[in-house]
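Undergrad: Sequence:
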Amino acid sequence: MKNRLEYPMWHNIDRKRRKAARKARMTPIEWKDKDKGDTSAVFAGKRGKYVTTLKDCSCEDFNINLMRKSPCKHMIRLAMELNLLSKGKMVTNLDTALYVAEKRDFRQHVREGDLLNTVCIAKFLNELYTKGSAEIESIEVIKDSYIRFFYITSADGKIAYPIRKRRKNARKTVKIATRRLGRWLLEDENALNAALNYTEQ
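With the first letter of the sequence shown counted as 1, position 133 gets the number 133 in my numbering; the numbers rise by one all the way through.
Everything labelled a hint here was simulated from the structure, so no lab data went into it.
Even for Gly, the Cβ is constructed at its ideal location relative to N, Cα and C.
Take these hints with a grain of salt, some might be off.
[Unchecked claim] Listed next, with one range per pair, are the computed distances between beta-carbon atoms: (1) I64 / I136: 42 to 48 Å; (2) D114 / K172: 18 to 24 Å; (3) R68 / D156: 19 to 25 Å; (4) K23 / Y161: 21 to 27 Å.
Can you build the whole structure from these sequences, using the hints too?
TA: Right under this line is the structure:
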């Protein structure tokens, strides 16, 4: 079946949602049947991933706020991608969308994953955003590819420089790691004794 915008769903498109649909973070991260009609796409959101068609979307906005009477921003972006709506100043950046998509899993890893890896992540991000740069070698031990979203590299590939608009997420990550490290010290008698002995030196 051919992709099309059906009445009355698409009769009145919300202006704010149309504007939001053009942003880079709204770039689809997965496609299904893009060239066959009845196309669906997967979008990243703060609460998870949403499966979207031109008729419906699994996001809360469409199912609760809009009560299925008009398209959500994900549906609008899908229509733009399929050239069924004017794209205007639409921005496409898959890395930005993946940054949003993987954020929850990354935070979960920092909260509950390997402790040494969490310490390495926090150390790198803290240095990156407080000093303004960090050596690339320092992230080779980090077992989480999400860290790539926080920096750009120098021409020789040896120095990492922070992506400043992601400072807030970096600080939040360091804070989570710091709290976890404190809890670990309190719960592990050997670790606490080692820390106390170190401070007494």
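Undergrad: None of the hints should be skipped; say for each whether it holds.
TA: How the hints compare with the structure:
{"no.": "1", "hint": "I64 / I136: 42 to 48 Å", "result": "holds (45 Å)"}
{"no.": "2", "hint": "D114 / K172: 18 to 24 Å", "result": "holds (19 Å)"}
{"no.": "3", "hint": "R68 / D156: 19 to 25 Å", "result": "violated (54 Å)"}
{"no.": "4", "hint": "K23 / Y161: 21 to 27 Å", "result": "holds (24 Å)"}
Against the hints set out earlier in the document, a violation occurs for number 3 only.
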